[in-house]
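> Hey, can you work out the whole structure from these sequences and the hints?
Residue strings, one per chain:
Number of protein chains: 2
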Amino acid sequence: MNPGKKITIKDIAKKSGLSAGTVDRVLHNRGEVSEKSKAKIRKTLEELHYEPNLIASSLSAKKTYLFITLIPSYNPGDYWEEVDKGIDRVMAEIAKFNVFVEKRYFNQFDAQSFFSAIDDLENAECNGVIFSPILRDKSLIFTARMKQRQIPVVFIDSQIDNADFLAYFGQPSFQSGYVGAKTLMLQVKDNQNVLLFRTLRKGFIGANQTLQRQEGFLSYLSEYRPNVSVINIELQAGNPDLNELLMRQAFDVRNNVGAAVIFNSTAYNIADFLERNDIQNVVLLGYDSLERNVHYLKQGQISVLISQRPEYQSYNAIKAMFNYVVLKQPVNHINYMPIDLLYKENVDFYTHYKQY
Amino acid sequence: MNPGKKITIKDIAKKSGLSAGTVDRVLHNRGEVSEKSKAKIRKTLEELHYEPNLIASSLSAKKTYLFITLIPSYNPGDYWEEVDKGIDRVMAEIAKFNVFVEKRYFNQFDAQSFFSAIDDLENAECNGVIFSPILRDKSLIFTARMKQRQIPVVFIDSQIDNADFLAYFGQPSFQSGYVGAKTLMLQVKDNQNVLLFRTLRKGFIGANQTLQRQEGFLSYLSEYRPNVSVINIELQAGNPDLNELLMRQAFDVRNNVGAAVIFNSTAYNIADFLERNDIQNVVLLGYDSLERNVHYLKQGQISVLISQRPEYQSYNAIKAMFNYVVLKQPVNHINYMPIDLLYKENVDFYTHYKQY
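If you read the protein sequences in the order shown, they are chains A and B. Position 256 of the first sequence, counted from 1, bears residue number 256 in my numbering, the numbering being contiguous throughout. Each position in the second sequence, counted from 1, maps to that position plus 1000 in my numbering.
No wet-lab data here; the hints were simulated from the structure. Just so we're clear, the structure is a prediction, and the values are computed from it rather than from any experiment. Don't take each hint at face value.
Keeping only pairs whose Cα atoms sit at most 20 Å apart, straight-line, the calculated PhoX-like set for lysine-lysine is [what the hints assert, rightly or not]:
{"#": "1", "chain 1": "A", "residue 1": "LYS189", "chain 2": "B", "residue 2": "LYS1182"}
{"#": "2", "chain 1": "B", "residue 1": "LYS1015", "chain 2": "B", "residue 2": "LYS1043"}
{"#": "3", "chain 1": "B", "residue 1": "LYS1096", "chain 2": "A", "residue 2": "LYS96"}
{"#": "4", "chain 1": "A", "residue 1": "LYS43", "chain 2": "A", "residue 2": "LYS14"}
{"#": "5", "chain 1": "B", "residue 1": "LYS1344", "chain 2": "A", "residue 2": "LYS182"}
{"#": "6", "chain 1": "A", "residue 1": "LYS96", "chain 2": "B", "residue 2": "LYS1010"}
{"#": "7", "chain 1": "B", "residue 1": "LYS1096", "chain 2": "A", "residue 2": "LYS10"}
{"#": "8", "chain 1": "A", "residue 1": "LYS354", "chain 2": "B", "residue 2": "LYS1328"}
{"#": "9", "chain 1": "B", "residue 1": "LYS1189", "chain 2": "A", "residue 2": "LYS182"}
{"#": "10", "chain 1": "A", "residue 1": "LYS182", "chain 2": "B", "residue 2": "LYS1298"}
{"#": "11", "chain 1": "B", "residue 1": "LYS1182", "chain 2": "A", "residue 2": "LYS182"}
{"#": "12", "chain 1": "B", "residue 1": "LYS1328", "chain 2": "B", "residue 2": "LYS1063"}
{"#": "13", "chain 1": "B", "residue 1": "LYS1085", "chain 2": "A", "residue 2": "LYS43"}
{"#": "14", "chain 1": "A", "residue 1": "LYS43", "chain 2": "B", "residue 2": "LYS1354"}
{"#": "15", "chain 1": "A", "residue 1": "LYS85", "chain 2": "B", "residue 2": "LYS1043"}
{"#": "16", "chain 1": "B", "residue 1": "LYS1189", "chain 2": "A", "residue 2": "LYS189"}
{"#": "17", "chain 1": "B", "residue 1": "LYS1354", "chain 2": "A", "residue 2": "LYS328"}
{"#": "18", "chain 1": "A", "residue 1": "LYS354", "chain 2": "B", "residue 2": "LYS1319"}
Some chain A residues well away from chain B (every beta-carbon gap over 10 Å; in silico) [what the hints assert, rightly or not]:
{"#": "19", "residue": "LYS15"}
{"#": "20", "residue": "LYS36"}
{"#": "21", "residue": "TYR79"}
{"#": "22", "residue": "LEU121"}
{"#": "23", "residue": "ASP137"}
{"#": "24", "residue": "ILE141"}
{"#": "25", "residue": "LYS147"}
{"#": "26", "residue": "ASN162"}
{"#": "27", "residue": "ALA163"}
{"#": "28", "residue": "LYS189"}
{"#": "29", "residue": "THR199"}
{"#": "30", "residue": "PRO226"}
{"#": "31", "residue": "GLU234"}
{"#": "32", "residue": "GLN236"}
{"#": "33", "residue": "GLU275"}
{"#": "34", "residue": "GLN280"}
Built from N, CA and C at the ideal position, the CB exists for glycine as well.
Here you go:
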């Protein structure tokens, strides 16, 4: 592209070998055009780095759109705060195109709170829903209902197979457990044991995502380190006294512990235990670069963190919804986030990085 | 922010506790405002996720800007192709604001080509220069000259201390060598040796960046693995026969090689040698996720790759120039890219990831 040169319909017609009328019909989504011609024009647009003239069309159309997001509520420093930041950032960017976002929340420790939020959403007037489908059955019914209403649904953070969703944005969970095992086990001997922590929440079956991470982790062990033994410990959400006792038993020297892992974002609790009890020779794998986790990564109690760019899960999810609903562009169905590996030596450059 | 609500000067004044007139002067960069008030307003803008109304101002102003980029020319699949992609992407985004980018190239294997390109740039009419300062002295003279002309200069990929640049976008090189050593040495025993490959280019002193990576690597070894020995091998750019001979000598069994590293993007050459000679028990660290490197990472000849999001180096650099020149916003001086660690188990999710 030369400086000063704008791409015209004529340019596109010339390069694609089609008529200006056909190009115009495709760009404005009207009239009938063969799939073959559409594909040709799409290819040409890509080659020319064409962007539809959003400004002109948004200023002339005056149509407004509303998307609704539904994610867990959170305390400062929690995982979901980052997801919420991504929503804020995209809101600021798309408001000028008359596209608005209404943010809703539920209590992730209370199934009933999720059920009510979903019931409200079923009848809400909007052009798209972006949400975290934390409970499978309710989410399946919801997406079916939204399909009837022709309102697209985008999943973030966890995915439900066989549901009618437009797109999913989140980590490839099985693989993130598998990679976690690889990085952790580089530092563990065959005669040492691995502690595998889970957190049980009342009235909830385990989150799909952490279960898949666990499967990936165990799959790596059985493939590459079959001689290593795993000891399972079930912590209970909201019961710190019990958990303290369970950790004390688990890290007993007689257990010959070489490593520990927890698949949700609360590795900082285990790290805190290791620090208070001055336990030095255990390598700990955790998930998500929360400030509290990063603190213990830098201090050495956490050995490696796996992160998944939570801010971009929501940012990309809403941008995809925008592209689909407003710009009528196709959207990828499954959009995996990268599996980012953080040691104390590279974590700062990851968390301080600012995308322009 | 509620749906449908636009942020007004009144909102900002109310929240910051300053007058609407003061807010207006700051937003439009005119008149005198105390640093304290400016800071207050900047903080308020951040809290409100304020974006200046780019559309209105670009449509009304009709002013055009030209930035010039200067990077090495490349073959398909080379490192610099990714940097160039980032330039293309940002060009497509900012053209609608009447900001254009002229792309220039030099031959990185010919110092004279860099000198001439810089000479041409010194007198070019433009509003900003984004370039890779591959040779120190010439780049220092150039930035001083541009400072006289009041044209801002942004460095990408490598940095020159004491030069007058607006901003730098690239990897923290020392630290990326240091982290590389950590990941590599997890797989190497104390009685094994490490091959450290360099590539000499005629008429060039070593690139600043690879030298710094090497320093970081050796610093980690002397700190944590003082018993491991390093064997240095100097390959020659453009002399494959000699290099084949040097690699044959280096990987001789009598050298008891446990690991190898090369700090530029050509690990694939060493991986290719390992594959052809069926050498299995050497772990190899390379830099940059070129397709050829990723190929050998997946096959197993390369054990770990460190990547640095080259597309975002140029993308962010030009966006920063845009923010500074067009929007009159302050810009961070040093902008380090993350140090991304890639194993065969997570590389696909990294290279296939698409930022919306």
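> According to the definition I'm using, a residue is off the interface if its beta carbon is farther than 10 Å from all beta carbons of the partner; does ILE141(A) meet that for chain B?
holds, 26 Å
> Would you assess whether TYR79(A), listed as outside the interface, keeps its beta-carbon beyond 10 Å of every beta-carbon in chain B?
holds, 19 Å
> Please check whether the beta-carbon of GLU275(A) is more than 10 Å away from every beta-carbon in chain B.
Given a closest Cβ separation of 22 Å, the condition holds.
> Are all C-beta atoms of chain B more than 10 Å from that of ASN162(A)?
Holds: least Cβ distance 23 Å, greater than 10 Å.
> Quick one, are LYS354(A) and LYS1319(B) close enough, alpha carbons at most 20 Å?
holds, 12 Å
> Between LYS1328(B) and LYS1063(B), is the straight-line Cα distance small enough, at 20 Å or below?
Status holds; Cα separation ~14 Å.
> Hey, does LYS36(A) actually stay past 10 Å from chain B on C-beta?
holds, 25 Å
> Does the claim that GLN280(A) lies outside the interface with chain B hold up, using a Cβ gap greater than 10 Å?
holds, 16 Å
> Quickly compare the C-alpha distance for LYS1189(B) and LYS182(A) to 20 Å and report which way the hint goes.
holds, 18 Å
> Are all beta-carbon distances from LYS15(A) to chain B longer than 10 Å?
holds, 16 Å
> Would the least Cβ to Cβ distance between GLN236(A) and chain B come out above 10 Å?
Label holds. Min Cβ-Cβ 32 Å, cutoff 10 Å.
> So if I understand the rule, the pair passes when the alpha-carbon distance is 20 Å or less; does LYS1085(B) with LYS43(A) pass?
The given pair, whose Cα atoms are some 17 Å apart, holds under the 20 Å limit.
In this structure, every one of the numbered hints holds.
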